[in-house]
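Asks: Keeping the supplied structure of chain A fixed, place chain B upon it in accordance with the hints.
These protein sequence lines map, in sequence, to chains A and B.
Numbering that gives the first Met the number 0 puts the first residue of the first sequence at 0, with every later residue one more than the last.
Numbering that gives the first Met the number 0 puts the first residue of the second sequence at 0, with every later residue one more than the last.
Bear in mind the hints are in silico, worked out from the structure with no lab data behind them.
Even for Gly, the Cβ is constructed at its ideal location relative to N, Cα and C.
Accuracy of the hints is not assured; some may be wrong.
What the hints assert, rightly or not - Examples of chain A residues lying across from chain B (beta carbon under 10 Å, computed):
| # | residue |
| --- | --- |
| 1 | E255 |
| 2 | Y310 |
| 3 | S313 |
| 4 | V314 |
| 5 | R324 |
| 6 | L326 |
| 7 | P338 |
| 8 | Y405 |
| 9 | L412 |
| 10 | I414 |
| 11 | G416 |
| 12 | D554 |
| 13 | R591 |
Number of protein chains: 2
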Amino acid sequence: MPRYDAPVRDMQFIFHDFLSLQNYSNLPGFEEATPDLIDAVLEESGKFAKDVLFPLNSIGDEQGCVRNSDGSVKTPDGFKEAYNSFVENGWPLVNKAPEMGGQGLPYALSMAISEINSSANMAFGMYPGLTSGAYEALMAGGSDEQRAMYGPKMASGEWAGTMNLTEPQCGTDLGLIKTKAVPQDDGSYKITGQKIWISGGEQDLTENIIHLVLARIEGAPEGIKGISLFVVPKFIVGEDGSLGDRNELSCGGLEEKMGIHGNATCVMNYDGATGWLVGEENKGMRTMFVMMNEARLGVGVQGLSQAEIAYQNSVDFANDRLQSRSLAGPQAPEKPADPIIVHPDVRRMLMDQKAFIEGARAFAYWTALFGDLHHKSPDEEVRQKSDEYMALMTPVIKAFLTDRGYKMANEALQIHGGSGFTKEWGLEQFVRDCRITLIYEGTNGIQALDLVGRKLAANGGRAVFSFFAEMDDFIGTHEGNAELEPFVEGLKSAKAQLQDGTNWLMQNGMTDFNNAGAASNDYLQLFGLTALTYMWALMAKVSLEKRGDDPFYDDKILTGKYYVSRVLPEAAAHLAKLKTGAELMMALPADRF
Amino acid sequence: MPRYDAPVRDMQFIFHDFLSLQNYSNLPGFEEATPDLIDAVLEESGKFAKDVLFPLNSIGDEQGCVRNSDGSVKTPDGFKEAYNSFVENGWPLVNKAPEMGGQGLPYALSMAISEINSSANMAFGMYPGLTSGAYEALMAGGSDEQRAMYGPKMASGEWAGTMNLTEPQCGTDLGLIKTKAVPQDDGSYKITGQKIWISGGEQDLTENIIHLVLARIEGAPEGIKGISLFVVPKFIVGEDGSLGDRNELSCGGLEEKMGIHGNATCVMNYDGATGWLVGEENKGMRTMFVMMNEARLGVGVQGLSQAEIAYQNSVDFANDRLQSRSLAGPQAPEKPADPIIVHPDVRRMLMDQKAFIEGARAFAYWTALFGDLHHKSPDEEVRQKSDEYMALMTPVIKAFLTDRGYKMANEALQIHGGSGFTKEWGLEQFVRDCRITLIYEGTNGIQALDLVGRKLAANGGRAVFSFFAEMDDFIGTHEGNAELEPFVEGLKSAKAQLQDGTNWLMQNGMTDFNNAGAASNDYLQLFGLTALTYMWALMAKVSLEKRGDDPFYDDKILTGKYYVSRVLPEAAAHLAKLKTGAELMMALPADRF
Numbered sequence: 000m001p002r003y004d005a006p007v008r009d010m011q012f013i014f015h016d017f018l019s020l021q022n023y024s025n026l027p028g029f030e031e032a033t034p035d036l037i038d039a040v041l042e043e044s045g046k047f048a049k050d051v052l053f054p055l056n057s058i059g060d061e062q063g064c065v066r067n068s069d070g071s072v073k074t075p076d077g078f079k080e081a082y083n084s085f086v087e088n089g090w091p092l093v094n095k096a097p098e099m100g101g102q103g104l105p106y107a108l109s110m111a112i113s114e115i116n117s118s119a120n121m122a123f124g125m126y127p128g129l130t131s132g133a134y135e136a137l138m139a140g141g142s143d144e145q146r147a148m149y150g151p152k153m154a155s156g157e158w159a160g161t162m163n164l165t166e167p168q169c170g171t172d173l174g175l176i177k178t179k180a181v182p183q184d185d186g187s188y189k190i191t192g193q194k195i196w197i198s199g200g201e202q203d204l205t206e207n208i209i210h211l212v213l214a215r216i217e218g219a220p221e222g223i224k225g226i227s228l229f230v231v232p233k234f235i236v237g238e239d240g241s242l243g244d245r246n247e248l249s250c251g252g253l254e255e256k257m258g259i260h261g262n263a264t265c266v267m268n269y270d271g272a273t274g275w276l277v278g279e280e281n282k283g284m285r286t287m288f289v290m291m292n293e294a295r296l297g298v299g300v301q302g303l304s305q306a307e308i309a310y311q312n313s314v315d316f317a318n319d320r321l322q323s324r325s326l327a328g329p330q331a332p333e334k335p336a337d338p339i340i341v342h343p344d345v346r347r348m349l350m351d352q353k354a355f356i357e358g359a360r361a362f363a364y365w366t367a368l369f370g371d372l373h374h375k376s377p378d379e380e381v382r383q384k385s386d387e388y389m390a391l392m393t394p395v396i397k398a399f400l401t402d403r404g405y406k407m408a409n410e411a412l413q414i415h416g417g418s419g420f421t422k423e424w425g426l427e428q429f430v431r432d433c434r435i436t437l438i439y440e441g442t443n444g445i446q447a448l449d450l451v452g453r454k455l456a457a458n459g460g461r462a463v464f465s466f467f468a469e470m471d472d473f474i475g476t477h478e479g480n481a482e483l484e485p486f487v488e489g490l491k492s493a494k495a496q497l498q499d500g501t502n503w504l505m506q507n508g509m510t511d512f513n514n515a516g517a518a519s520n521d522y523l524q525l526f527g528l529t530a531l532t533y534m535w536a537l538m539a540k541v542s543l544e545k546r547g548d549d550p551f552y553d554d555k556i557l558t559g560k561y562y563v564s565r566v567l568p569e570a571a572a573h574l575a576k577l578k579t580g581a582e583l584m585m586a587l588p589a590d591r592f
Numbered sequence: 000m001p002r003y004d005a006p007v008r009d010m011q012f013i014f015h016d017f018l019s020l021q022n023y024s025n026l027p028g029f030e031e032a033t034p035d036l037i038d039a040v041l042e043e044s045g046k047f048a049k050d051v052l053f054p055l056n057s058i059g060d061e062q063g064c065v066r067n068s069d070g071s072v073k074t075p076d077g078f079k080e081a082y083n084s085f086v087e088n089g090w091p092l093v094n095k096a097p098e099m100g101g102q103g104l105p106y107a108l109s110m111a112i113s114e115i116n117s118s119a120n121m122a123f124g125m126y127p128g129l130t131s132g133a134y135e136a137l138m139a140g141g142s143d144e145q146r147a148m149y150g151p152k153m154a155s156g157e158w159a160g161t162m163n164l165t166e167p168q169c170g171t172d173l174g175l176i177k178t179k180a181v182p183q184d185d186g187s188y189k190i191t192g193q194k195i196w197i198s199g200g201e202q203d204l205t206e207n208i209i210h211l212v213l214a215r216i217e218g219a220p221e222g223i224k225g226i227s228l229f230v231v232p233k234f235i236v237g238e239d240g241s242l243g244d245r246n247e248l249s250c251g252g253l254e255e256k257m258g259i260h261g262n263a264t265c266v267m268n269y270d271g272a273t274g275w276l277v278g279e280e281n282k283g284m285r286t287m288f289v290m291m292n293e294a295r296l297g298v299g300v301q302g303l304s305q306a307e308i309a310y311q312n313s314v315d316f317a318n319d320r321l322q323s324r325s326l327a328g329p330q331a332p333e334k335p336a337d338p339i340i341v342h343p344d345v346r347r348m349l350m351d352q353k354a355f356i357e358g359a360r361a362f363a364y365w366t367a368l369f370g371d372l373h374h375k376s377p378d379e380e381v382r383q384k385s386d387e388y389m390a391l392m393t394p395v396i397k398a399f400l401t402d403r404g405y406k407m408a409n410e411a412l413q414i415h416g417g418s419g420f421t422k423e424w425g426l427e428q429f430v431r432d433c434r435i436t437l438i439y440e441g442t443n444g445i446q447a448l449d450l451v452g453r454k455l456a457a458n459g460g461r462a463v464f465s466f467f468a469e470m471d472d473f474i475g476t477h478e479g480n481a482e483l484e485p486f487v488e489g490l491k492s493a494k495a496q497l498q499d500g501t502n503w504l505m506q507n508g509m510t511d512f513n514n515a516g517a518a519s520n521d522y523l524q525l526f527g528l529t530a531l532t533y534m535w536a537l538m539a540k541v542s543l544e545k546r547g548d549d550p551f552y553d554d555k556i557l558t559g560k561y562y563v564s565r566v567l568p569e570a571a572a573h574l575a576k577l578k579t580g581a582e583l584m585m586a587l588p589a590d591r592f
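Okay, chain A solo, but in the shape it has when bound (with noise of 0.2 Å):
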């Protein structure tokens, strides 16, 4: 019953209009991703995320995964044969390095590629977006020889990866990790423990699984500065690329979820594997924050899928759907009634969504632009600078947009009333997937702690206060356009009150941490209406530019203008929230809950 329709054309706005990919054809890989290019590249993704992953989706979960006697995992009908096309279809390659076979094309497009196959089969693009995680921390972290053993094969998704943090014991705080890892005369490692929540530890769509590991050596300090990282192949791999022996790991069960139930989340018992250290001892959790960081932008853009495709079907079904008669007369007098698309409160739920993921796009995209930056800009400046945005803007990214991804979807289906409970019309499913996204890759709470504990300061505050100038710049320049007025206003708003809330936190949260802690929630949420206030000014000011003959530039503008007096107004409550500190939170004694 639901549908999902890549939604290209506003990606082509984003690539050319918003971010103007053309411009750096300097860069390596951008010369190649030219508007063609890219238009081809979505229109093809979005097809066979249509075709293909689409139909799978509600299979995925309603069959769910099945955990065989032998330990081995059945994904669901379809599954199989759709990874496999996806495969030979090259999708995987697309950002990864080239000298890995990979296309090299800019990481911010493979971003929507990401987006796409996620909200067609949220549970099926986890496979291949883990995959990718474990690639880069690997290629980041790990030596020559490893790259060349692991990288081709997980580049092209012939293999897969997974990551291994969680135990029973420990989630965030990993520092609590007991998995051991005893070395080895050949200089290899046994690995034992028992890990948890592993997406894609094990399952039937590759031959084989590149588990990432952090594990604790004999002898390694406490707490965090005691873990390391290891490969730990399901097969083991011979220096011709061969698979061989059966590692000592097995699955040893699998989690029911409230929903990616196409997902395979398994228990992963190592007894005595085979692993090999990637990078130094005891500095596992610096490569595991390459994936880390990676794959939180990954998740944000997860919320912002389900919220896409939730939408989609909110819209058709408004405009079908007949119940009752305009406030402002029949519209329809022909129907029995009129679309439900016609009543205000309908419409502000669908305005509240289209302003949400048109805006929460940009910002992953335009944040992911920061990315390709960072690795192949030939300005040291440029470098740094898109290093520090990525790392700051991270944390928003992840818990700004599958916060407001989750209530965009729940919206969705409040806008189908009861149809949006059964589970004929997909929508229950969109919001029982989406709710993941605040939880794993760190739950949103530890994502604020991020933003306000580590990236407000680092270097001095050189990122954010780098942020408020180019907020700073945009409102020196349009101050007096009259067109751009109610976005230069709501930007002064939102840019004030954000500096605001820095402000606060650097008086009161260095002299009180739980201070920090108490507006941390508060601060992040503030962050991203302010960021997606300047991606609605930035956007307003190019479709001003762009607008002609098609209304779609004229559409972005109303939305814009929508976003900034119907959405914005939100953040001068988390200011005033924030400002209010740890006092009364904290009082309550804890067993007087």
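Replies: Positioned in the frame of chain A, the structure of chain B alone reads:
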């Protein structure tokens, strides 16, 4: 893994300290509702819910209901035995009229029992909940004969009742109903049509099911003015009360839903079923509204109930789960890490829940007391005011308590991190079950329209002005009281904003109805935030009077202060949004979403 314990202490506070039910002992039914009896009822109800209903909650979710090929429906294992015991213990009779065999205790008290049952097992609680609604409608609208024939058995719960409104082409807009009623010579009608989403339409709990069905008598006026209400029993009832022929009605299918799997959501086919008119021809909506108003309050309490059970489990988890150290230094140095309740952002989610739940409970029971006063007060003026207050507050309670209840259940899930997403911990079920409360008995958007379009303006706004005057009175009386200062200030601010929003609506909503529709949701949220501020102010006042050695009262005051400082700031955002009007919301052509 999850648990439920009825919040008896908080309910005692509401009945004894806050509402002081003992002061109403002049009213019928209240003379018996002594504090001792109330305590006993709450204790016993909590025990029944914990021992009998709660253990079936996850079983019901897992198994769901099954429709057999003969159209009969099997409820989950244990539901029948639990229902029998529920009836044998006389729970449905608590607030029923003595002439129907009931105890005639206050409606407000029955609200607490409903909350307890619904927390423990919402899907189960819906069966007697809907029976109660159908019973009230029959008592209000039925003939003496009908009341005598169905009343006692429905009051006791031996027979169940259902509400049949929705059809495939109409949910909100009941004017589109097609189900036909053809008059017969014997004064009965033959009912033919299909109803959908009928909760408890078929089940194996009771020997008879009394369906209340909206249908159109042949030749009736079009639209809502041609709808009549019929009582259509599953088994025809003889004059001696015996069960006769099976009626021509059957369950054609069950919906697959996001949650409340233990409740049978039926497609009901009426194939010339024998029914009898309830009340007058074409006036069916009037009686149905009696039932709907009560049902709407009940749904608000369902939203609260899921927030409550989710909260309890999130408190346990926050105290048990060890992750990371407090930002203020180790709090449990003897353990490998601190319990996560030391982290401010976890506290934020706990305090948000606590402040909402206690405020919302007070609001719901306070409103329910007006339900009692409306029927039972000897004072005409009190009866009228109570009726008007009930009418005004009902949409707010339905929508605000379910919107926020769902949000809070989600916060409780969030505190659980990854565990919250797994079935094992129960949280995801509470969230899924809760989701329907925002939809059924009129979507929350419809509640908002009911509030701004009907309830506000009723009797020239008398109810809302009386509510303003009541708040002003509190402010005037307690201004200058240092201990109440945050509450007086909070209430001043909330009330001023609500008045501002009300004025805006009066000035702008009458000239352009779309402005009223566009503002409706934000107005309702603003109303709810203000009402809870008033509840907290009243609770703080009584807690200041009562406090002594019992820290319960100190905690109340603290929680209220938290509400005023950290929740109420949202009011300003809603006011700002509602004042933006309909223009931007309605501007985008429907085919350009």
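Asks: Work down the list of hints and note, for each, if the structure agrees.
Replies: Results of checking the hints against the structure:
A distance limit of 10 Å between C-beta atoms decides the matter here; for E255/A the minimum to chain B is near 4 Å, and the interface restraint holds. Here the hint on Y310/A is kept, as its CB sits about 8 Å from the closest CB of chain B, short of 10 Å. Interface restraint check for S313/A: the shortest CB-CB distance to chain B comes to about 9 Å, inside 10 Å, so the restraint holds. Annotation: interface hint on V314/A holds; nearest CB of chain B at approximately 4 Å, less than 10 Å.
For R324/A, the interface hint holds, since its Cβ comes within 10 Å of a Cβ in chain B; the closest pair sits about 9 Å apart. Against a cut-off of 10 Å between C-beta atoms, the interface hint on L326/A holds, since the closest Cβ of chain B lies about 4 Å away. Below 10 Å, beta-carbon pairs count as interface contacts, and P338/A has one with chain B at about 7 Å; its hint therefore holds. Because the beta carbon of Y405/A sits about 8 Å from the nearest beta carbon in chain B, less than 10 Å, this interface hint is met.
The criterion of a C-beta within 10 Å of any C-beta in chain B is met by L412/A, whose closest approach is roughly 8 Å, and the hint holds. The closest approach between the C-beta of I414/A and any C-beta of chain B is roughly 9 Å, which is under the 10 Å cut-off, so the hint is satisfied. Annotation: G416/A was flagged as interfacial toward chain B, and the flag holds, the nearest CB pair being 5 Å apart, inside 10 Å. Annotation: interface hint on D554/A holds; nearest CB of chain B at approximately 6 Å, less than 10 Å.
Of the supplied interface hints, the one on R591/A holds, with its beta-carbon coming within about 6 Å of a beta-carbon of chain B, less than 10 Å.
The structure is consistent with each of the numbered hints, conforming to all of them.
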